[in-house]
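Visitor: Residues per chain, in single letters:
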Amino acid sequence: MNLWLWNLAEAVLMVGLAPLATALVKLFKARLQNRRGPSLLQSYRDLAKLFAKQPVLAEHASWIFRLAPYVIFAATALAAAIVPVILVAMPLTAAADVIALVALLALARFFTALAAMDVGTAFGGMGASREMTFAALSEPAMLMSIFVLSIAAHSTNLSAMIDTVLNSGLGLRPSLAFALAALVMVAIAETGRIPVDNPATHLELTMVHEAMILEYSGRYLALIEWANQIKLLLFATLLLNLFLPWGIAQDSSLVSVLIAAGAWLLKLLLLFALLSLFETWMAKMRIFRVPEYLGLAFLLAILGILSHYILEVGV
Amino acid sequence: MSGMSWALAALSAALTAFLAGILLSATPKHQRRLVCALLLLSALAALAAGLAGLLSAPGEVRLPIGLPWLAMHFRLDALGGFFLLVLGLLLGATALYSVGYLRQLGSQRNLTPLYIFLPLFVIGMQGVMLADDAYTFMVFWELMSVASYFLVTFEHEQDGHRKAGFLYLLMAHLGGMLILGGFAILYAAGGSFEFDAMRAAALTPLWASLAFLLAMSGFGMKAGMMPLHAWLPDAHPAAPSNVSALMSGIMIKVAIFGFLRMIWDLIGLQQAHWWWGGLVLVIGSTSAVGGILFALQQNELKRVLAYSSVENIGIIAIGLGLGMIFAHYNYPSLAALGLVAALYHSLNHAMFKGLLFMGAGAVMHGAHSCDMGQLGGLIRRMPRTAALFLIGCISISALPPFNGFVSEWLTFQAALMAPQLQGTLLSALIPFSAAMLALAGALAAACFVKVFGIVFQGTPRSPAAAEAREANAWMQIGMAIPAALCLLLGIFPAWMLPLIDAVPKALIHAELGASATGNAWLWLTPIAQERASYSPLIVLMALLLAGCTFLVIHYRYGKKRRTEPWSCGHPHLNPRMQYTAAAFSQPLRRIFSDLYQPQDKLLRSDHGHTLLVKRLRYQVHVQDLLWRHLYLPVKRFSEWLTQRIDWLHHRPIHGYLAFTFVTLLLLLGLLL
Amino acid sequence: MNLFDLLLATPLIAGTILGVIGHRPRATILNIAASAVTLATALVLAYQVLEHGPYTAHDQAFFLDAYNVFLVSLTAFIATTTAIFSAPYMRHEQAIGRVTAERLRLYHAMYQLFIFGMYLGLTTNNLGVLWIALELATLATVLLVSLYRTPAAIAAAWKYFIVCGVGIALALFGTILIFSTSSDVLGHDNAALTWTVLYAHAEQLAPGVMTIAFMFLMVGYGTKIGLVPMHTWLPDAHGEGPTPISAVLSGLLLNVALYALVRCKTLVDGATHDGLAGKLMMGFGLLSLLVAALALHRQRDIKRLFSFSSIEHMGLMTLAFGIGTPLANFAGLLHMTVHSLVKSGIFFTAGHAAQVMGTQQMSNIRGLVRHHPGIGWGLLIGTVAIAGFPPFGVFTSKFLLLTAALHTHPWTVVLLLLGLVLAFAGLFRHVQPMAFGIPPEQVHVARVNMLPVYIHFGLALWLGLAIPGFLADWYQTAAALLQGAAP
Amino acid sequence: MTQPGLLQQWVVVAAAAMLLIMFALLAQRHMRALLRWFALQGVLLALTSALVAFVAGVPELYVSALLALLLKGLVLPWLLWRIVLRLGVHREVEPLVNISVTLLLGAALVLFAFYVSLPIEKLSQLVTRNIIAIALACVLLSMLMMITRRKAITQVVAFLSLENALFFTATAATNGMPLVVEIGVAFDVLIAALIFGLFFFQIRRTFDSLDLEHLEEKP
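Residue numbers (our numbering), protein chains in the order written: chain A, 17 to 331; chain B, 466 to 1137; chain C, 289 to 775; chain D, 8 to 226.
Calculated from the structure, these hints are not laboratory results. Beta carbons: idealized from backbone N, C-alpha and C, even for Gly. Any given hint could be a false lead.
Simulated restraints, written as ranges between beta carbons of each label pair [as the list claims (entries may be wrong)]: (1) Ile190/D to Pro661/C: 40 to 48 Å; (2) Val187/D to Thr304/C: 19 to 27 Å; (3) Ile530/B to Thr696/C: 42 to 50 Å; (4) Arg717/C to Leu1131/B: 31 to 39 Å; (5) Thr696/C to Leu484/B: 39 to 47 Å; (6) Gly757/C to Val70/D: 47 to 55 Å.
Calculated pairs, DMTMM-like style, for lysine to aspartate or glutamate (alpha carbon to alpha carbon, straight line, at most 25 Å) [to be verified]: (7) Lys65/A to Asp1059/B; (8) Lys628/B to Asp472/C; (9) Lys1024/B to Asp267/A.
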């Protein structure tokens, strides 16, 4: 039973820390660009402000437009709750495995796109069209890259997968390398970071995600923003705990949990540092290059699986 | 009352409906009500029969008709039972829907042919599921084809519908012939038309493979698997919507049933070669991805749905293929998993595709068009239809917590839990097909965002759409039933699976791991707890929980302001500024341009100078790749051949005599 | 006089009477009555044969066994329904001035004469007389085909006359050859041409001669069956003659010719034990099937279209009898029955369609179901039936034929499937636009008599749903007989 | 009753004559000559059957001999000649293929016929392989004639000569068919001839020529 409590706690942790994470990245980038940057609490302030504001709706926005943010947030939050953060054995991972995880994110995306189409502005359509197109490539890529692990683990259950990685020890496997590369590329695309999309810009012709939520304001916007922040943290955690899960707590004793938490935070910091470095260093690519980029990711993932089946299973 | 008698009741109810359709042609009103009521009865009876077939031991009955030395054998077993169940569920909904739908349709034209052939169509499908000898099977199979042909050409004034009908019947006939060939092989081996004898028959590997290929192509043609799907996207849209629902929902599943009956049951997987499953897998993957890719490029609502049927048949085929492979390398429980996944997806697809086609019918009636370019903003004029249609879209996009996700999840499990197989070809093939499955799923989401977004959201693109009327109560009920089932099947799969599990038990004497059914009702664990599990109910709960918490916020700051959307400072937005269907799928068209080979043209007129544009018109047309590279060549060749033959019949009389003379000489020449 | 004489005498007498008064309006009634009488007689005879087995008359000059008595009753039935159909049809033709009263007299007389020829051919026990009967039928129909006296009709009749004349002559040569060997086995008299006797002594006949003889018989009777490449007369004759004649040509004459061929085949098989005869028939059958199937696509005239379909189906039957296993023979006989029924029904419908549209050009026949639902649906149902969709009998026979073929000669099945599908496509691509679509403006009103059509289709349907026991026994005995059991 | 050898020689001689006449018919350019040869063929038939009747002692063959003489020797040629005169087509026969080629083909056919009838074992004392071979050859030759002639009337002559060939076979190879058959056949031929006559005028009326190429149905 208390495992369920742990799980709840972790969910709350993820949801709660999400804005902080984003702020962290912003800060790193600012520093790298010799700016002072916002304070770490800035994104909390933004959210609070947005929640306080009265939302403005387009006059013929339908109920879907109003429902969407809740679905988006709920789905993302649930997805976050699935991923083991500190403790490996999580009851919710049994309720929803990686496939469900991907599907939940897809659900969120589905509704984002619908909401974008709802008002009937050109931007909404454009954003939705692009988002769904990219998703069509990134989603299978993500699935495939995770499957590499789950095939090795003979399970699609996240806890089980992490367990196997921990116990089998990371021998240098080509399949894992492929998978990791693919997953990183996908994560960048999914969280709408440079070089795929630029969360900071509203430069009309290059927007993808921003174009979809252009019509949103007030608490609706807040929810969606928050959901995105959760998504970022989620992907980061997923990457870390799937491919280098060391330090993660195998039992719920206080010591190991503290170690795990520390390790997690440390790894996160490093990862975000890398990310912001990467983002300041890279430029955004042309919108029509993105499919090739994602296609590459998909290809890598498939290669990962094939190499697993052909090279590793046999031996 | 035994299952068999329920089944016969279903048949006779449909038969009565057929008679009613003929006799009451004078009074359309009673005709409509009676036929629909009888169809509903037939559906209920079929439902009961299906359950009985799944739960109880097989029952048999012989009718003294058919061939003189072969009475018509009917047998109700688990396999037939399951598909009867599917039929019952969707037919019931459709019957209710038809009450309202046909009332509106009847105001325009005489529906008697519809009332005559719809019951026949149903009889055909039920009969196929019950048949226990090759003759009976073929009779009902062909009856199904013919009846549905007359339904497809129901509005025969339209050129396209006639063409579609012709292509459909032609391919149906070809398919029937191929299946017949398959049965003939089994007959030659078993020495009798009865299925028992055919099961017992031992075939040489060559003959077995031939029979398999014949059955594969015959049933594949009906099911609309990728290379043989050409009739489907034309025929399904041509039929009235309630019929399209049945065709897409059930008829192509009947083809899957036939596939199972013939290959899994009669030929028997113990005679299978390793490449059989591989072939099915490849075709499945092709159909899944190809179908949805072409669905994305359609701008006519019902055509999109038709093409997406091709995709879903592909997914089903993937499940079947996996099952066959595992069965061949005898991992029985995995084979069972593949089969169950396929069957479950058949059930689910019947539900949401039926729902979507009925929705399309409602749109057709409400806005008098299925052309996406003419629609838009319907969600405001017909909110209930929109809500139901949305459920269909989510389910078909395989998103939790609806049913589509469950069956795809099962299929993924089957593909992923594959142990390493001998022969790297297969072990490479299986993950590849999994990848195709994932791709298809993602593309489906894109496709149905497009559909829903263009048709129901945004602002109306035509006056007709602006004046759209909400569907009447009967139609709403008809759509509500499958919608509800979509959710239920998504949340309580653990209740459905034990039922379905009877089928693999009967077919390959294997079932899912005990965990699948022994487990608590809210857990779905096909193989073992530690391997994979999914609890839709918890997911739903969590979603609701998270949702509720924020609904609280919603009501705390309840008030909101409405204003017109931001239009980049442009004075007023008009509907023509929205993204169109063609525009939505443009990026994909660009990515897969080699596959689509789109023919687009830009018509522009200006006031004397290129910058002073008067009007721009962009047209793009994507034609089915196979149509151009497979079907047209065949057509051309046969035309050429007929021309050559025609030469024979335009000779002078000497020529004719010469034919006789030469023939005589040749015959005598044989004696030399 | 006994029943049997009645069977032969009625059409002959009726023919002579009609030859005198055939132009009177009443003539049609006599025509129908005579056919009805023969039908009754035929049925009674059939019953007798079923009860008491084979039956010979006039010291073996005539005989009835399971095989031909069934064809006799089929012939009688179709002759009757056709007579019923032709009454209003020909009246309409007369009304629009295509035929004069004089011609009508000729028509009625020749119709009965033709029927007489059929019965003679079916019941005679003498190969020579069989030949004469077929020649007689040919001559009678030649005059009927040229009834309209249009250039096309004359040309068609001439073609029919010459091509069939030559063919039939070759058949005679074959018969003479048989006689030449049988006469020194059985002595120089009628016995040497009597089928039953020959059948009994088939062993002793000289194989070499019998083989050559069969070659000639094959080509000769094959011409009348309409087997490719001797089929060239058939489309014209069907296309240009009056519709009732097209119906009986397809429904009866072809059957009888095939009957003759099969009779001879059994003899030849008895003499030479290599299955050459069967193989030849299979070859011709497949060739006819394929060529006709392809030719169907190119037709413009509705009656020509269906005549090609007749060629296709004769090909199927020839194939069936060529295979010669009991199952195949069963399929062949069944197919003979249902094809005669359905095809003559279709010709009735096509005739009506041509009348209401005032043309036989298919490109001008449109939207029948809209303005004449009876005709339109009749045409559709008929086509669906003839294409071999259940629940019509054609499906049953096709089903059996396919299985039988695969049982013995698997390689034929490929061609068979190909041919059937091509034929269906060729037929349906023309029929669908005629039945469906928007009708043209001007449409004649004709008194349409669809009753015979419905009767025919009804029977075909019945045979498809359930073959009655006595008929099944009948077929099976006949099938066994053809395979070489004692008559 | 003389020994069969004699009869056999006679029959063979007759057969040879038959073949010769066939070639003669094949070689004719003029209608009148054609008909003369045709008549001669009829007479030959009559002779043959009379001969067989006398030697083999088959009385009913006298009947058929008489029939042949009347029908094939006199009536038919006369009828045809009348028609020819009435229609004024007594000019060239206008072959499609030129005569010499036709003759060569004919020779080839005769050879073929002989080869075909090689496997036939001896049937009886009077019917030899040669008789059948010649009969076969005659049939083939007359068909060749039908194919290579353009005018309807020449075709009819060819057709009738085909009938003659059959008749000859019947007499020579089998001492004639049973009487029923004989009469039936003769009757048929008569009707056929009448119908021919009927047709000529209709064809003439509708196509104002007997040139068969007018009869092709225009597609």
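Visitor: So which of those numbered hints doesn't the model satisfy?
Guide: 1, 3, 7, 8 and 9
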